[in-house]
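Visitor: Listed below, chain by chain, are the residues.
There are 2 protein chains.
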Amino acid sequence: MKGEVRAFAPATVANVSCGFDILGFAIDTLGDVVRVKEKKEPGIQVVSITGDHGRLPLDPTKNTCAVAVQALLTELNRTIGLEIYLEKGLPLGSGLGSSAASAVAALVATNRLLGEPFEKKQLLPFAMAAEKIACGVGHADNVAPCLLGGFVLIRDYQPLDIIKLPVPKDLHCIVLHPHFELNTADSRAVIRDRIAVTQATIQSGNVAGLVAGLFQEDFELIGRSLKDVIAEPYRATLIPAFYQVKEAVLAAGALGMGISGSGPTLFVLTKGKDQIQQILEAARLVYYSFGLGVDGYHSSINTEGAYVLD
Amino acid sequence: MKGEVRAFAPATVANVSCGFDILGFAIDTLGDVVRVKEKKEPGIQVVSITGDHGRLPLDPTKNTCAVAVQALLTELNRTIGLEIYLEKGLPLGSGLGSSAASAVAALVATNRLLGEPFEKKQLLPFAMAAEKIACGVGHADNVAPCLLGGFVLIRDYQPLDIIKLPVPKDLHCIVLHPHFELNTADSRAVIRDRIAVTQATIQSGNVAGLVAGLFQEDFELIGRSLKDVIAEPYRATLIPAFYQVKEAVLAAGALGMGISGSGPTLFVLTKGKDQIQQILEAARLVYYSFGLGVDGYHSSINTEGAYVLD
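Keeping their order, the protein sequence lines are chains Y and A.
Residue numbering for the first sequence follows this note's numbering, starting at 1 and increasing by one per position.
Residue numbering for the second sequence follows this note's numbering, starting at 1 and increasing by one per position.
Extracted from the complex, chain Y is given alone in its bound form (with noise of 0.2 Å):
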């Protein structure tokens, strides 16, 4: 057993507009990194957190980081001490799967640090479990793409059914994080409990022709799939200048725009990186017209997932 392990998990974009509790992909220039260390006296102990403005509790029953790698313990019915360290590259709130990937760099630091005794497909159990306790429920459309990387389906949950999907190389995605804090709770509110069945069969067919765009690199096809109504008609009430951005960055030549998560992060994606700088630029210039700053990152789409660090 090696002394300590650093580990990096990428930022998340889950639902991808049609792929509502089912889709979601990784992204490449955010994330998280944890390191894990051994202690003598068995625990679990979170010693300090940054980049969270002394948010995110320390709490080993409440941190994420905490949480999985307890279950992940618990599950080799081993108890040994380890001393957790989390830098915070990801904004919380954001709907970009923070408390994924603080969960997930943790447990592949901790798989690694015990000689990986668990494929990294079986470390999803766990991870899902610290995000009952992050966000209320066990959702794996953050932690999936985060551990595996690329776009990931999750077809059912009971038992777990978890399908990679292929990435067309030339897929690249802009994230738009307004200065702009939306509780997720109120996020999840406003959607309804019944659709109409003519609306659930819209929705279908746009998830179906998304993952048919991604088989066929079929770019077009992955723009135009990308609508979603179940939740953004609703959730896009609560995000400032939705409808504005959506057109503006259309016009500056993306393929198509969503939300992220939860939101307030929006993300479009593009073929190419041709269009990126009027993209970003487009959408800037209607946040500021609306009086609200923005981060703007742009990314290709991460298809291995979180990594050990070193």
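Honestly, the hints are just simulated from the structure, not real lab data.
Using N, Cα and C, we set each Cβ at its ideal position, and we do this for glycine too.
Treat the hints with care, since some could be wrong.
Said to hold, decoys possible - In silico SDA-like pairs for lysine to any residue, Cα to Cα no more than 25 Å straight-line:
#1 A:K132 <-> A:G81
#2 A:K39 <-> A:P57
#3 Y:K271 <-> A:P166
#4 Y:K246 <-> A:D161
Said to hold, decoys possible - Computed footprint of chain A on chain Y, listed as stretches where at least three residues anywhere in the stretch have a Cβ under 8 Å from a Cβ of chain A:
#5 19 to 31
#6 154 to 166
#7 186 to 196
#8 223 to 233
Stated by the list, open to error - Derived Cβ-Cβ restraints for the label pairs, each shown as a range:
#9 A:Y243 <-> Y:G51: 49 to 59 Å
#10 A:D218 <-> Y:A189: 34 to 44 Å
#11 A:K132 <-> Y:V308: 58 to 68 Å
Start from chain Y and add chain A according to the hints.
Guide: Okay, now just chain A, sitting in the frame of chain Y:
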């Protein structure tokens, strides 16, 4: 202009479980044949129909072949004389796309007779106009695979967006047509107008899984994805022995089973041909125990769609 042309159009399985109203595929062994022949006097005349036990209308405003051909001629702004001879190979009201096959065969024959003014895909709107007369709604989930072959996704209707999906080479189909008639209107009436968002999400996950399975030639994934929460739970109550047949064919090695279109015909997918006989036998035994006869057909997937004969 050639004096007469005959064309064949295949039976189709619409919905394909999770693909309610958006997916269909064509099968090889069953279909309709239409002969179209020039005549001197302008106007469309349905001269004869065989195999329908006298149930289909000869009236060109009600006959799907004539309605489809009229739509084509109207688009071309042509008034010529045509005789139509329809040989029904498909049972009526079986859920195998009987009206679609007649309309598509008539269109493919007429298009060839006129020197192919349209590409195959361009014939779709004419076939949909005929479906509207026959079924009350201009759905494309039978006519699109009937015309184009293979698995076809109807991603959207406005505008029409048809995506051909790949067909794994070893994928085979069994069609079980019990001697029992089900009224299409009854079969549509039982479906609820609204569903829970959680159910819509399950449906989306399965249709995404089915599309991924077809691209990846992952037969197990195709089988696991053949689940329908929108129509099957309700339509199954109108179809004798549905759950018993399902249990029997799965036990005999089928990948999955569902209702073909609005039923009562069922479709079964298999990997390869080895289990075909035992699946057919298992299904027959169940139907017999319910006092029902059944016609069982084995077929590969038709990947070419309708074609000109001779």
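Visitor: Next step is simple, just say for each hint if it's right about the structure.
Guide: Hints and how they fare:
Distance hint between K132 (chain A) and G81 (chain A) is fulfilled; the C-alpha atoms sit about 24 Å from each other, no more than 25 Å. For the given pair, K39 (chain A) sits about 20 Å from P57 (chain A) by alpha-carbon distance, which is consistent with the 25 Å threshold. Note on K271 (chain Y) and P166 (chain A): the hinted pairing holds, with a Cα-Cα distance of about 24 Å set against a maximum of 25 Å. At most 25 Å may separate the alpha-carbon atoms for a hinted pair to count; K246 (chain Y) and D161 (chain A) meet this at roughly 22 Å.
Counting residues of the region 19 to 31 of chain Y whose C-beta lies closer than 8 Å to any C-beta of chain A gives 5; at least three are required, and the coverage claim holds. Note: the region 154 to 166 of chain Y has 6 residues with beta-carbon separation from chain A under 8 Å; the three-residue rule is met and the coverage holds. Under a criterion of three residues with beta carbons nearer than 8 Å to beta carbons of chain A, the stated coverage of the region 186 to 196 of chain Y is upheld, 6 such residues being counted. Note: the region 223 to 233 of chain Y has 3 residues with beta-carbon separation from chain A under 8 Å; the three-residue rule is met and the coverage holds.
With their beta carbons about 55 Å apart, Y243 (chain A) and G51 (chain Y) fall inside the hinted range of 49 to 59 Å. As the Cβ distance of D218 (chain A) to A189 (chain Y) is approximately 37 Å, the hint placing it in 34 to 44 Å holds. Between K132 (chain A) and V308 (chain Y) the CB atoms are about 60 Å apart, so this pair conforms to the stated range of 58 to 68 Å.
Taken one by one, the earlier hints all hold for this structure without exception.
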